[in-house]
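2 protein chains.
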Amino acid sequence: MLIKERLFTPGPVPLPPQVIKALGQQIIHHRTPEFTQIFKQVREKLQKLLDTKRDVLLFSSSGTGAMESAVLNFFSTGDKVLVINAGKFGQRWKELAETFGLNVIDYSIEWGKTYSREKVEEIVKANPDIKGIFVQQSETSTTTYHDVDFLGSVSARLEDCLLVVDGITSVGVYEVYPEKSGIDILVTGSQKALMLPPGLSVLYFSQKAEKRLEKSNIPRYYFDVKKELKKQREGQTAYTPAISLIIALNESLNLMLEEGIKQLAERHSLLAEATREAVKELGLKLLSESPSNSATGVYAPEGINGDELRKILLSLGFRVAGGQDHLKGKILRIAHMGYFDFNDVIQVIAGLELALNKAGYSVELGKGVKKAQEIIIKNI
Amino acid sequence: MLIKERLFTPGPVPLPPQVIKALGQQIIHHRTPEFTQIFKQVREKLQKLLDTKRDVLLFSSSGTGAMESAVLNFFSTGDKVLVINAGKFGQRWKELAETFGLNVIDYSIEWGKTYSREKVEEIVKANPDIKGIFVQQSETSTTTYHDVDFLGSVSARLEDCLLVVDGITSVGVYEVYPEKSGIDILVTGSQKALMLPPGLSVLYFSQKAEKRLEKSNIPRYYFDVKKELKKQREGQTAYTPAISLIIALNESLNLMLEEGIKQLAERHSLLAEATREAVKELGLKLLSESPSNSATGVYAPEGINGDELRKILLSLGFRVAGGQDHLKGKILRIAHMGYFDFNDVIQVIAGLELALNKAGYSVELGKGVKKAQEIIIKNI
Chain A
1 MLIKERLFTP
11 GPVPLPPQVI
21 KALGQQIIHH
31 RTPEFTQIFK
41 QVREKLQKLL
51 DTKRDVLLFS
61 SSGTGAMESA
71 VLNFFSTGDK
81 VLVINAGKFG
91 QRWKELAETF
101 GLNVIDYSIE
111 WGKTYSREKV
121 EEIVKANPDI
131 KGIFVQQSET
141 STTTYHDVDF
151 LGSVSARLED
161 CLLVVDGITS
171 VGVYEVYPEK
181 SGIDILVTGS
191 QKALMLPPGL
201 SVLYFSQKAE
211 KRLEKSNIPR
221 YYFDVKKELK
231 KQREGQTAYT
241 PAISLIIALN
251 ESLNLMLEEG
261 IKQLAERHSL
271 LAEATREAVK
281 ELGLKLLSES
291 PSNSATGVYA
301 PEGINGDELR
311 KILLSLGFRV
321 AGGQDHLKGK
331 ILRIAHMGYF
341 DFNDVIQVIA
351 GLELALNKAG
361 YSVELGKGVK
371 KAQEIIIKNI
Chain B
1 MLIKERLFTP
11 GPVPLPPQVI
21 KALGQQIIHH
31 RTPEFTQIFK
41 QVREKLQKLL
51 DTKRDVLLFS
61 SSGTGAMESA
71 VLNFFSTGDK
81 VLVINAGKFG
91 QRWKELAETF
101 GLNVIDYSIE
111 WGKTYSREKV
121 EEIVKANPDI
131 KGIFVQQSET
141 STTTYHDVDF
151 LGSVSARLED
161 CLLVVDGITS
171 VGVYEVYPEK
181 SGIDILVTGS
191 QKALMLPPGL
201 SVLYFSQKAE
211 KRLEKSNIPR
221 YYFDVKKELK
231 KQREGQTAYT
241 PAISLIIALN
251 ESLNLMLEEG
261 IKQLAERHSL
271 LAEATREAVK
281 ELGLKLLSES
291 PSNSATGVYA
301 PEGINGDELR
311 KILLSLGFRV
321 AGGQDHLKGK
331 ILRIAHMGYF
341 DFNDVIQVIA
351 GLELALNKAG
361 YSVELGKGVK
371 KAQEIIIKNI
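Residue numbers (our numbering), protein chains in the order written: chain A, 1 to 380; chain B, 1 to 380.
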């Protein structure tokens, strides 16, 4: 029987038809007024997305490349930094910082939980000389939201501290306005709420961070921010850009700005709430105590292997993600960021009901769907 | 009047329809057997292209990223290396090596010329302790071919020296077989003879080079070869790969392998010869004394600005490249690498004849075309 595969993974996410169309075109050259015009538009639209007049830079790399650029360009070897380490990507900040010789204070947090304000205050009091606080606004591995406004206020109080935020699964999901939140460095990637294939990453940095560009002593070349800043202000890039992705980003940013950033955040909030309430209605337990609106992590029922349940879901047409590292086999992660509407949520919840029953965990068919519908109807 | 724009720039080059079709598709997830299968096929096809059984790694970056990886993973700070610096990309090797603390012997060569064997022997005799020789097999900025076999034999004689070759505009243009030529590290990029959009780069390294992976002391993370080697052998990547480009690469490698690497090299040789002889027939002077088969660099006629001539060519439907740095305004670079056939060459030569006449440099119409045809007809 025909069963169409649907992508509900937290990156890559489905591409809108406008993006697919932009990708499936003959290439244009990048050293042309035509490309420069598109590139300038893209950078201006990214500024609108982040509500800033400051430069937003693009790298031809996955999100990890932009994360690396944040360490390489704004810190020096020996700098003491605090890493909020609450999942696989928190761990990545730690690894990156240590690889390039920073002195990491590792605030390790149980996966699925967020940081404690008291603990952060305590660390900062004992270490007023920290040069940076690294965090994920949305930790994809645990589907957890970490509040960045509080960290922004803490960072601002310190003498010379930058708040460095991985916004890879928060930008385009929330209203992420770095200037308002006191974020000094913000990175994101293309294959999440920007609704593109992977291969493009984005970097914002504050005026305070910009001063560090002169001081940082870590060697860099491909991810050199000063060099890119100069070139990108001219509508070009230091090295050959991922042309087709940039052209497609112009399209996806149009979709996002036409919807409106506030409306886009409200939609994600609604889809996330409907998903969470529906899975709880089915008797399942959420992974996160501070759930992100980008994806919902949920434990497989007692006695059922999460990866087996995922296989059944896939056989029914739904590709969701599992757990990473010690959560492997224990959880499902259902994405709802980017090109998703409420009907998609209803569909995956119905699929989950079918899959749970097929896996031997009996749930009343339609129960989760009804719950999702009740939440949705109040908002449409 | 309708005039269609045709791309004759040395990267990006035109995409074949099979590639465009592969790009214009809904995204698939990378942590799937489906992607792993494609990824393994791509890596095997790259091995066929390079006639090797050794690992060929992919990075989500432009070619410069793979160049950086060659420095970061196989050298240590203080290592003495020889850079054959004969153009913009030779200069890039030098900058990369110096950025990461290598001790560069800069063998600067006039743009458009290749190295002298005697001079290389001399340098190597005075510096038998060099750890690497860096070169472009095809220097795109000067359309110059540098023989790598000789350098391979020189490198092999030394105690612990790696030959590092930028093959960005040679792989897929020539038969590039690193094991046969004694190349230890070879990099290439997607937007040249691989006929893809930019954003993907390729790294080959020899067994001799692999031993350096344990010794190199330069910090790296995004471009970490050991980490990628482990993951890519499993059919995955350390960080999210440029999925759509890899799927498209599978298509373009099919085209290349179906044609045959020898045939592909012969085609490029023919297109290059026809272009060179045609422009000489028109009274123009070649830029390079050792011209590459990827693109032909030619001086604008005395008294005519090269960039003005390019503008006229563009108005007639042909986008060719100009000169970089001190060659700006002096030369044209006409590409014939990747998805080009002899009719394309004939077309651009005819266009050049029209443009030269419009620019005030009188040439007999059809003269260059005839010369190109004479060369082509002997080979078809």
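These aren't lab readings, by the way, just hints derived from the structure by calculation.
Small disclaimer: the values here were computed from a predicted structure and weren't measured.
Hints should not be assumed to be uniformly reliable.
Treat identical chains as interchangeable: a pair holds within one or across any two.
Here are the computed lysine-lysine pairs in the DSSO-like style, where the Cα-Cα straight-line distance is at most 27 Å [claimed, not checked]:
1) K215 to K231
2) K53 to K21
3) K367 to K311
4) K328 to K231
5) K119 to K48
6) K211 to K262
7) K4 to K21
8) K45 to K367
9) K378 to K48
10) K119 to K88
11) K227 to K88
12) K311 to K215
13) K370 to K227
14) K311 to K208
15) K45 to K371
16) K211 to K367
17) K367 to K125
Please sort K119 with K48 into within, between, both or neither, judging by C-alpha distance up to 27 Å.
Answer is neither; intra-copy 35 Å and inter-copy 56 Å both fail.
27 Å Cα cut-off: does K227 pair with K88 within a copy, between copies, both or neither?
between (30 Å within a copy, 16 Å between copies)
Indicate which option fits the pair K45, K367 if close means a Cα-Cα distance not exceeding 27 Å: within, between, both or neither.
Neither, since 41 Å and 50 Å both go past 27 Å.
Using 27 Å as the alpha carbon limit, work out where K215 and K231 are close: within a copy, between copies, both or neither.
within (20 Å within a copy, 35 Å between copies)
At most 27 Å between alpha carbons: which applies to K211 and K262, within, between, both or neither?
neither (31 Å within a copy, 54 Å between copies)
Are the CA atoms of K311 and K208 at most 27 Å apart within a copy, between copies, both, or neither?
neither (48 Å within a copy, 43 Å between copies)
With 27 Å as the alpha-carbon cut-off, assign the pair K4 and K21 to within, between, both or neither.
both (21 Å within a copy, 20 Å between copies)
Pop the pair K53 and K21 into one bin, within, between, both or neither, using alpha-carbon distances up to 27 Å.
neither (30 Å within a copy, 37 Å between copies)
Between K367 and K125, at a C-alpha cutoff of 27 Å, which is it: within one copy, between copies, both, or neither?
neither (49 Å within a copy, 81 Å between copies)
Is it within a copy, between copies, both, or neither that the alpha carbon of K311 lies no farther than 27 Å from that of K215?
The answer is neither: 51 Å in one copy and 43 Å across copies each exceed 27 Å.
Intra- versus inter-subunit Cα pairing at 27 Å for K119 with K88
within (21 Å within a copy, 52 Å between copies)
Checking K328 and K231: alpha-carbon separation at most 27 Å within a copy, between copies, both or neither?
Between. Shortest inter-copy distance 18 Å satisfies the 27 Å Cα cut-off; intra-copy 43 Å does not.
The earlier numbered hints that this structure contradicts are 2, 5, 6, 8, 9, 12, 13, 14, 15, 16 and 17.
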